[in-house]
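> Chain by chain, the residues:
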Amino acid sequence: MPLMRLDLIEGRGDEELKRLLDAVHRAMVDTFKVPERDRYQIVHEHPASRMIIEDTGLDIARTKDVIVLQVTTRPRPQAQKQEFYERLCKELYEQCGIKASDVMVSMVQNTDEDWSFGNGRAQFLTGEL
Amino acid sequence: MPLMRLDLIEGRGDEELKRLLDAVHRAMVDTFKVPERDRYQIVHEHPASRMIIEDTGLDIARTKDVIVLQVTTRPRPQAQKQEFYERLCKELYEQCGIKASDVMVSMVQNTDEDWSFGNGRAQFLTGEL
Amino acid sequence: MPLMRLDLIEGRGDEELKRLLDAVHRAMVDTFKVPERDRYQIVHEHPASRMIIEDTGLDIARTKDVIVLQVTTRPRPQAQKQEFYERLCKELYEQCGIKASDVMVSMVQNTDEDWSFGNGRAQFLTGEL
Numbered sequence: 001m002p003l004m005r006l007d008l009i010e011g012r013g014d015e016e017l018k019r020l021l022d023a024v025h026r027a028m029v030d031t032f033k034v035p036e037r038d039r040y041q042i043v044h045e046h047p048a049s050r051m052i053i054e055d056t057g058l059d060i061a062r063t064k065d066v067i068v069l070q071v072t073t074r075p076r077p078q079a080q081k082q083e084f085y086e087r088l089c090k091e092l093y094e095q096c097g098i099k100a101s102d103v104m105v106s107m108v109q110n111t112d113e114d115w116s117f118g119n120g121r122a123q124f125l126t127g128e129l
Numbered sequence: 001m002p003l004m005r006l007d008l009i010e011g012r013g014d015e016e017l018k019r020l021l022d023a024v025h026r027a028m029v030d031t032f033k034v035p036e037r038d039r040y041q042i043v044h045e046h047p048a049s050r051m052i053i054e055d056t057g058l059d060i061a062r063t064k065d066v067i068v069l070q071v072t073t074r075p076r077p078q079a080q081k082q083e084f085y086e087r088l089c090k091e092l093y094e095q096c097g098i099k100a101s102d103v104m105v106s107m108v109q110n111t112d113e114d115w116s117f118g119n120g121r122a123q124f125l126t127g128e129l
Numbered sequence: 001m002p003l004m005r006l007d008l009i010e011g012r013g014d015e016e017l018k019r020l021l022d023a024v025h026r027a028m029v030d031t032f033k034v035p036e037r038d039r040y041q042i043v044h045e046h047p048a049s050r051m052i053i054e055d056t057g058l059d060i061a062r063t064k065d066v067i068v069l070q071v072t073t074r075p076r077p078q079a080q081k082q083e084f085y086e087r088l089c090k091e092l093y094e095q096c097g098i099k100a101s102d103v104m105v106s107m108v109q110n111t112d113e114d115w116s117f118g119n120g121r122a123q124f125l126t127g128e129l
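Quick note, the sequences are listed as chains A, W and B, same order.
For the first sequence, counting from 1, position 109 maps to 109 in this note's numbering; every step adds exactly one.
For the second sequence, counting from 1, position 100 maps to 100 in this note's numbering; every step adds exactly one.
For the third sequence, counting from 1, position 92 maps to 92 in this note's numbering; every step adds exactly one.
For reference, chain A alone in the conformation it holds in the complex (with noise of 0.2 Å):
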């Protein structure tokens, strides 16, 4: 059920991106214990000038590889999201070569109540979830 919102600078290929989205899905899916098919991903891309990303003093170097992925999702444990942060960084580089430095993540929490995943029914509530 995250939603994932990912944006990106422009300039990767359908095949790249489709290996930078497969590994955002496997440290998710790995993580937060969700199934497979939870698969909610949203990417936009921009050209450079339209991201500013710094690193609040954290002397962190960002290059044209950066990712900023914002999460929407229902509670989860503290540890749950830490060990997503790090598996996510794994992933990534691992399938595509990004940094870890070029990864950051925002997180918003949301509740069952406000899913519906399609046919106009809240599937958390009504037990098909």
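For the record, the hints were derived by calculation from the structure and aren't laboratory data.
Only true hints are included.
Pairs involving identical chains hold if they fit within one copy or between any two copies, as the list cannot separate such chains.
Pairs of lysine-lysine residues, derived as DSBU-like cross-links and limited to a Cα-Cα distance of at most 30 Å, are as follows: (1) Lys18 <-> Lys99; (2) Lys33 <-> Lys18; (3) Lys99 <-> Lys64.
Starting from the known structure of chain A, fit chains W and B onto it as the hints suggest.
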């Protein structure tokens, strides 16, 4: 006040899109009971490869009409949200021929102080709204 | 740390956009009291038909300069948010000639564990921030 962010696959003309936005607005005004001019809609159109919307195993078939609607709103009763999901699908089908199986919604909640509709003021706090 | 998502109508050049982003950043740093490099801005530019921004009956006239700013942030005092709305409009007018009537803001709140600024770590939890 809800802010509506719509993600679609590219390919609709202006008129078709207007009809879609009107349908979303109609469903929202009628179920959330907000003023007619409480309309804040932003549309993102994507190449098909930039939106992966599966179904968490619910066996919901998606087509190129798939819509993801992300709603940011002050708190609303659960029943109102469920009514909105249903009504939204009804309007989109009747006005645009979009099937209920192509309509996904995710809501996020904030509060009075989180809105400024213009003029640098928080109108839910100032008493203007 | 706030993540700033800006939705604008297309048509600005790089320099004009940079000035706009600088103005938003100035307002944010000065009212939220965050480090200068706490800058995370993403811009979406849309055809005019893809942004319908009305006024909830507040009688606020919008132009093609209209800006919707969606802010994701850790909790902040109400007064600070109100100060931000005001200051934002002041900066945008003084630096870019954008009228306060064209500036809409919506905030969403999350918590320490919801941020990873890079390197797979949740820097608000690790003590790095």
